[in-house]
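All chains should be built: construct the whole structure from the sequences, respecting the hints.
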Amino acid sequence: MVFAFLFLAPAAALLLTFRVVPAAGALWHSFTEWDGVAPATYVGGANFARLVGDNTFWRAVLNNLVLVLCVPMWLGVSLVLALLIHQQVPGWRFFRATFFLPSVLSPVIIGTLFSAILRRDGPVNRGLETAGLGALAHDWLAEPATALPTLVMVILWGVFGMGVIVFLAGLSAVPSEILEAARLDGARGWTFVRYIIVPSLRHVIEFWAVNLVVWSFTSLFAFVYVMTGGGPGYATMLVEYQLYLEAFQFNHMGYACALGSALFLMVLGVVLIQIRLMTGGDD
Amino acid sequence: MRRLARLAMVAALGAISASTIYPLVFMLLSALKSKREYLLNRYGLPHEPTLVHFANAWTYGDMGQYLANSAIVVSAGVLLSWVVCGLAAYALSHLRFPGRRAVFLAILGTMVIAPQVIIIHCT
Amino acid sequence: MRGVILAATVVFGLALTSGCRKAGPPPAGERPLPSGPRAGAGGSLTVWDWLSADPSQGVGHWLIDVDKAFEKAHPGVRVNHVAQSHTEYYQILKAAEAAAGEAGGPDVVMIHQGSRVLDHKASLVPLDRYLKPELRKAIVGWELTSEGLSADGTPYAVPVAVQGNAWYYNKSILTKAGVDPEAPPATWDEFLAVCDKVKASGVAPIACGEKEGDWADWFLNSSSFLELSADEAAKLQRGEMAWTDPKVAALFTRLEQLGKRGMFQEGFLSTPLFPDAGEVFMRGEAAFCLGLLSDVAHWKEFGEILGEGNLGVMPCPGTGMIPVGGGFAYGITSWSQQPDLAFEYITLIVSDANANEFLKQAGSFPANQNFDPRLIADPNAKIIASWLAEKRVAAPLTGKIPTEVVESIKREGQRILSGQTDVPGALKAIEATAARTKAGRAK
Chain A
16 MVFAFLFLAP AAALLLTFRV VPAAGALWHS FTEWDGVAPA TYVGGANFAR
66 LVGDNTFWRA VLNNLVLVLC VPMWLGVSLV LALLIHQQVP GWRFFRATFF
116 LPSVLSPVII GTLFSAILRR DGPVNRGLET AGLGALAHDW LAEPATALPT
166 LVMVILWGVF GMGVIVFLAG LSAVPSEILE AARLDGARGW TFVRYIIVPS
216 LRHVIEFWAV NLVVWSFTSL FAFVYVMTGG GPGYATMLVE YQLYLEAFQF
266 NHMGYACALG SALFLMVLGV VLIQIRLMTG GDD
Chain B
14 MRRLARLAMV AALGAISAST IYPLVFMLLS ALKSKREYLL NRYGLPHEPT
64 LVHFANAWTY GDMGQYLANS AIVVSAGVLL SWVVCGLAAY ALSHLRFPGR
114 RAVFLAILGT MVIAPQVIII HCT
Chain C
967 MRGVILAATV VFGLALTSGC RKAGPPPAGE RPLPSGPRAG AGGSLTVWDW
1017 LSADPSQGVG HWLIDVDKAF EKAHPGVRVN HVAQSHTEYY QILKAAEAAA
1067 GEAGGPDVVM IHQGSRVLDH KASLVPLDRY LKPELRKAIV GWELTSEGLS
1117 ADGTPYAVPV AVQGNAWYYN KSILTKAGVD PEAPPATWDE FLAVCDKVKA
1167 SGVAPIACGE KEGDWADWFL NSSSFLELSA DEAAKLQRGE MAWTDPKVAA
1217 LFTRLEQLGK RGMFQEGFLS TPLFPDAGEV FMRGEAAFCL GLLSDVAHWK
1267 EFGEILGEGN LGVMPCPGTG MIPVGGGFAY GITSWSQQPD LAFEYITLIV
1317 SDANANEFLK QAGSFPANQN FDPRLIADPN AKIIASWLAE KRVAAPLTGK
1367 IPTEVVESIK REGQRILSGQ TDVPGALKAI EATAARTKAG RAK
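Residue numbers (the working numbering), protein chains in the order written: chain A, 16 to 298; chain B, 14 to 136; chain C, 967 to 1409.
Hints are computed from structural coordinates only; laboratory data are not their basis.
Do not take every clue at face value.
Cross-link-like lysine-lysine pairs, in silico, DSS-like; alpha carbons within 30 Å at most [claimed, not checked]:
hint, chain 1, residue 1, chain 2, residue 2
1, C, Lys1266, B, Lys48
2, C, Lys1034, C, Lys1266
3, C, Lys1326, C, Lys1103
4, C, Lys1165, C, Lys1103
5, B, Lys48, C, Lys1137
6, C, Lys1034, C, Lys1137
7, C, Lys1357, C, Lys1213
8, C, Lys1404, C, Lys1098
9, B, Lys48, C, Lys1326
Computed from a predicted model, the values in this text were never measured in an experiment.
Put into structure tokens, the structure is as follows:
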């Protein structure tokens, strides 16, 4: 018992200092008007009232929800690729290494690279034009219809490798006898995945899904900042990015904290729903 | 038929690998081009490769200092994570104590806080 | 067994995601301030700016000369000149404000004239007790660095450069399109006609950079004279005229017009204003370009690349006016331990001799009007100088409004040019932001 307390103490201390206390401070400041330097003035629920009527915020929420809907796609791609590598298709070692490459790049670098590559006169469009598909050439990150989907695909590029590694780790823990037996029994393709793999990897899949959802709400700042700045207009505005604008560009710390509190509740809500859906109430 | 399917699959995987390698290649090629050449010949191979940007990054860009900073942050971070997380994970997975599940959920809960919110109070 | 997998993946995940979260700009308070002696420690003066990153030419080179001269005149003092990033300059400045007085903080800071000075007023030393009348008279631009944005207010920064926008054009492209390059369009309709001819000849009429929404902001500032008188512009800035006013709508409609008629180069929505839009113009891929008067993206830079006699410059067609303001200024930080020395440094920067050097080396118009006019040799610079002398200038429309409203204007501009909204819709959104900030400031 004492050991448990001792072992948990350092983690608890770090989390309290660097997560809980600042978050509590942010919650308190949600009810104030503050420019970050002068003392804060209490304004009650004014920030939240403004939040409810803020079109930018609701557009950002919509965009965030679109991203949540893309999580199954991000996860599915990693799972399929992990399965292929696990089955040791020719060249699997090479693929495993190259798939992991994007994960060693910081999002700022990924964003800068793709901003250059996806330009109207960039290699992607040039490639399409050479292949005779010139009609498909777009200003990918700057047209309102393609900006958010392009962001989703760039994020996929940045994150799929990590997912592959996580699923490979999970797969290696599945006893090979189960897989062999299933294959001998004639399970193939989709049936194999659905009835053998997914149940075996259930916890890993749940973990990675929750991780991706939380990550999509809290860690995409660098991508948006470098590639679109929330634009064109508000097409790729995310709640996290709006938080940054309000806090560090407009000096409305109080409103930014309100946004932060709303974001926290949103993520918590989505994750709880997600866990309920996935575990079906058990566990 | 099976061979064709297998071939197609390997080709697809190869295409994905190409997509992960190309941006790094592009980055390296761009680093070797002079400013003027980057303007005029953005996507081809450099005609007159130059190492001046690496030199500039080191002298004007303070790269040495930043690399040292990164080394310190990363090694300290990894070491600290290893110790702290290892201890906590052991406690949560192998030791029985009341409130175990609550602590675990609380830790997961702190992962949900957006970093910008935390930064506001660190300045 | 399952528990072990879960625990392992949780640990792994926590380690991974803590790495993921580190990716992003370093938090303002944790960014290491440049190392160096404590601000004001005897023997060193720390100066911050965003223009000296390239010390081999232009402003960067000129500042090195200034620093050397200062050190010679003040033996024992070392000028610790720090070049900060242009895009993150104000975030870095905020970090310095939060760390006020700690080691390495700046004594002298560069700052944009206009709303930025007001935003950071609390960290700047009021300069009224330092300013000698001759200096005050020689320098223009005080209304953009003083309390209440009026020339009589207490100044918080000393203007160093005169900055503004003008339309530059490529004479050879105009000639090929069948337009007389020596007679630039004199009205808005002529301008549109010329652009049509250029487009018909296969070249993009206007080089535009809307990635951050900045081009629309420049365009509105350069063309506000077509719709708003000086009084009306002032009313709009003070919040006494609504953004939904028909005159403002007419101005934004001109922007929409350019977009609808396809006057920009392909991919303009993802082109950053600096340096790419200027580069499009310098590569000869567009006939017109909205540029600056000083330092960068201006007559000196364009002229050198486009070639002798190939560059032309014109004011807002139909009105002969240009927006002027927002050049850089220098201020003294409120935590500096040696404000007197800091002011002497600033005095050296804006001295008559250095005004001449600034003009010569950076090709920029100094705020100190005592510069030697014979140093203006470039024909386009001469034309611009004549506009300045004839006072065909006014403060930029968006130069005196809160940052939030400017941001709203930029985003609505992007939305107009990308077809997501029409002018009335855009103006409604801008007015909502303006009304809210006005209410906030009134408290």
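Each hint, compared with the structure:
no. : hint                  : verdict
1   : C:Lys1266 - B:Lys48   : holds, 19 Å
2   : C:Lys1034 - C:Lys1266 : holds, 25 Å
3   : C:Lys1326 - C:Lys1103 : holds, 22 Å
4   : C:Lys1165 - C:Lys1103 : violated, 47 Å
5   : B:Lys48 - C:Lys1137   : holds, 26 Å
6   : C:Lys1034 - C:Lys1137 : violated, 41 Å
7   : C:Lys1357 - C:Lys1213 : holds, 24 Å
8   : C:Lys1404 - C:Lys1098 : violated, 36 Å
9   : B:Lys48 - C:Lys1326   : holds, 24 Å
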